[in-house]
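Peer 1: Using the sequences provided together with the hints, build the complete structure.
Heads up: the sequence shown is residues 237 to 950, going by this note's numbering.
Simulated from the structure, these hints should not be mistaken for lab results. Small disclaimer: the values here were computed from a predicted structure and weren't measured. Note that the Cβ used here is the ideal one computed from N, Cα and C, for glycine as well.
DMTMM-like cross-link-like pairs, simulated, lysine to aspartate or glutamate; straight-line CA separation at most 25 Å:
#1 623 x 487
#2 745 x 762
#3 827 x 716
#4 317 x 305
#5 623 x 912
#6 623 x 575
#7 578 x 484
#8 578 x 558
#9 745 x 689
#10 827 x 896
#11 623 x 585
#12 745 x 792
#13 745 x 774
#14 623 x 537
#15 745 x 716
#16 578 x 634
#17 623 x 876
#18 578 x 919
#19 827 x 812
#20 623 x 654
#21 623 x 949
Label pairs and their computed distance ranges (CB to CB):
#22 360 x 672: 42 to 52 Å
#23 480 x 353: 33 to 43 Å
#24 401 x 559: 19 to 29 Å
#25 598 x 628: 19 to 29 Å
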Amino acid sequence: MYSRSANIMIRFLPWLLMIITLLLGGCSKGQHSGLITAELSLAANAHFVRQMLTPDIPLGFDSFFVRGEGPADTEFEVNTKETSCSIEDLLPGVWTLSAQGFNSTGLLLAQGSTTTDLSEEAFSAEIQLLPISGTGSLAIDFTWDDRLVQTPVIQISATDPDGVLETLSIEESPGLAMVTGTLESGLFVLTAGLFDGETPIAGMADVIAILPDQSTASSIYLDIALNPINIGIAANAPRFEPYSIVIDGYDPPLFVDITALLSCTIEDPGVDTGSLSMRWYVDGALAGVEHTFSPETSTADVQRIDLVVLRDDWISGGSATETISIFEPVFYGSMVFIDSMKDNVVGVDGISGIRSLAISPTSGYLFTAGYDEAEIGVFSIDGDTGKPSFVGVVGNSETGTTDALDGVSDVVVSFDSEYLWAVGSGSGSIATFSISPSTGLPSTLQHLRPVIEDFQNVPADIVSGTNTLAGSLSLAVSPDSRFLYSCSPLSHSISVFEFDPLTETLAPKYAYSQLVLGEEYGYLLDAPETIEVSPNGEWAAVACKSSDSILIFTVDPLTGGLSLHQTFTDGINSVDGLNAPTGIAWSLDSKHLYVAGYYDDAVSLFVDESGTWIYQGSLRDDDYPDSPFHYPRGILMSPDGTELYVCASGSDALTVFSRDGVTGGLSNPVSAINGEDRLDGLDGMRASAISATGEFLYAAATNDDAVVFFRRDR
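Peer 2: Here it is in structure tokens:
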């Protein structure tokens with residue numbers, strides 16, 4: 237017979253065992269017969285939006301505390317860093333579940349509870365976590381340049397989910413409005429509008445959060461010039477971070493009377509975007525509530541656009557800001573300046589000390605010669621807008637050498653956009669690349685550092701072992717991309733190479749020296765700097781900077797060989813404008829040749845009359861004080877032959893000439909000068925390239941390490 241105490245022990249033993257199991261259990265324990273495993277998940281539906289908390293408070297969830305009370309007064313408690321957990325060995329039945337979420341400092345951020353009937357068939361539950369309630373303080377200083385406002389009027393409001401304006405205290409002084417208030421926790425739309433009398437001149441809008449027992453504080457500058465401002469500190473916490481919102485549809489610059497349709501991209505909002513409301517503000521004034529918005533563009537203006545996005549229950553939201561500049565287009569001939577890209581700005585690389593650029597005719601890629609960093613920059617070109625986007629760079633390491641691209645000075649592309657060649661003035665090398673049609677990135681095929689013995693002919697006046705590409709600044713390619721030409725100002729020579737597309741190799745073919753050209757004209761081949769082949773492939777022109785001469789050659793289409801045809805020298809036979817010639821440009825029909833005289837600040841014209849070239853005259857910078865082209869370098873013809881573009885390094889300008897297609901005459905120069913209007917990035921203009929359609933022009937500005945982008949409206 238058992239004692240009474242033994243009976244009591246036996247009667248409560250199962251419950252005691254279950255309690256011990258719960259106390260020792262947790263996630264991933266063995267399950268006993270008749271008990272169930274509950275799968276709990278914590279849903280943090282609240283997204284904290286931009287915070288202006290002082291001091292800064294981490295808003296990310298670091299840990300959760302979960303508690304459950306169930307049948308027969310059983311319970312459990314779990315501390316976890318995960319948003320889901322398995323609780324084993326629970327009695328089936330009705331359970332009250334609660335959870336709290338804490339940040340890394342132990343501050344309670346959110347909490348929630350639910351009651352659910354757990355069984356073997358229904359064993360999962362979700363606990364919704366919502367921000368804790370309470371009151372917090374608001375303290376924001378709005379400032380502005382009081383010197384720019386005669387009669388300042390400031391309007392500031394905070395609106396709750398029901399559209400009720402909260403009571404705020406505003407204390408004003410010159411250039412300052414101090415706003416304070418005590419608000420219930422939650423989201424509010426904060427707007428501010430600054431007026432000069434009745435004229436709105438600046439404003440902002442954003443969605444802010446008030447947290448219990450915390451201060452939301454900041455100083456916001458209302459820029460009357462309406463530059464973008466940073467409102468506060470963005471929360472960084474999974475599921476609690478603000479909606480990541482980007483305003484789409486604005487691709488600067490925006491010109492007068494051009495429609496821009498703004499929309500937004502919301503990354504992982506956690507809810508159906510259809511349940512989100514949109515509020516578009518212009519300079520702090522509500523201007524639209526649809527998912528898309530078109531700003532007013534009838535006049536030149538600068539507008540601050542704020543987009544406030546809120547879920548219908550105002551539990552979560554976010555905001556984005558864009559400053560839109562609307563410009564009256566300024567035309568330089570047919571060219572309109574769009575933008576400039578600079579090295580090491582917004583991820584751009586490969587254009588430090590840029591010397592030249594080239595466009596693939598058919599695949600839409602732009603390549604740059606980054607002299608300072610021995611890199612070739614690669615950009616993709618948008619087919620509709622012409623806007624270049626940085627893709628990547630190719631440096632010495634990609635060529636398999638340590639110096640192949642040292643002093644890279646020029647790049648050219650084959651007519652079929654399959655190959656790219658680059659010459660390095662520092663290394664005396666030429667590199668051959670294949671171009672990826674999908675990415676535009678070049679892959680090295682060959683690296684060549686030629687010496688005079690490598691050529692089929694060996695000029696006697698060039699010392700054995702001389703590198704024929706030493707100091708080379710220029711590359712030219714024949715129209716069929718079979719022959720490449722370069723000139724060396726250090727070895728006073730011209731090199732011809734032949735490319736075999738079957739083996740994808742480049743081979744030295746001919747070298748031309750002063751002796752090869754002959755005693756009468758050879759001395760003119762002094763420091764040749766630039767070489768260009770005519771579009772019809774019949775002519776090649778070489779600019780010799782030290783002899784102030786232009787040498788015109790005929791080209792053998794079968795061999796690529798050159799034969800000296802004519803020469804022109806500054807100051808001889810009434811020729812003028814060739815003091816240190818640099819840039820060369822041919823007309824599309826190969827009948828007109830244009831040469832830039834660096835020290836003469838001039839552009840000279842030569843005309844083919846039945847195979848004989850005739851000097852027609854020069855235009856000088858001094859004759860056009862409003863359109864300077866001081867120290868001209870690269871020159872370029874538009875594909876339709878109606879304009880000539882001159883990169884003037886001394887004037888930091890692109891000068892556009894109108895051209896007579898019959899006579900080749902130039903007139904009406906108009907210069908886009910760095911620092912004027914909104915022009916930027918043109919310091920040290922050196923070379924340019926134009927798209928095959930003639931719609932878009934890109935220029936290299938060496939001193940600004942920049943690519944300058946123009947659109948042609950014709």
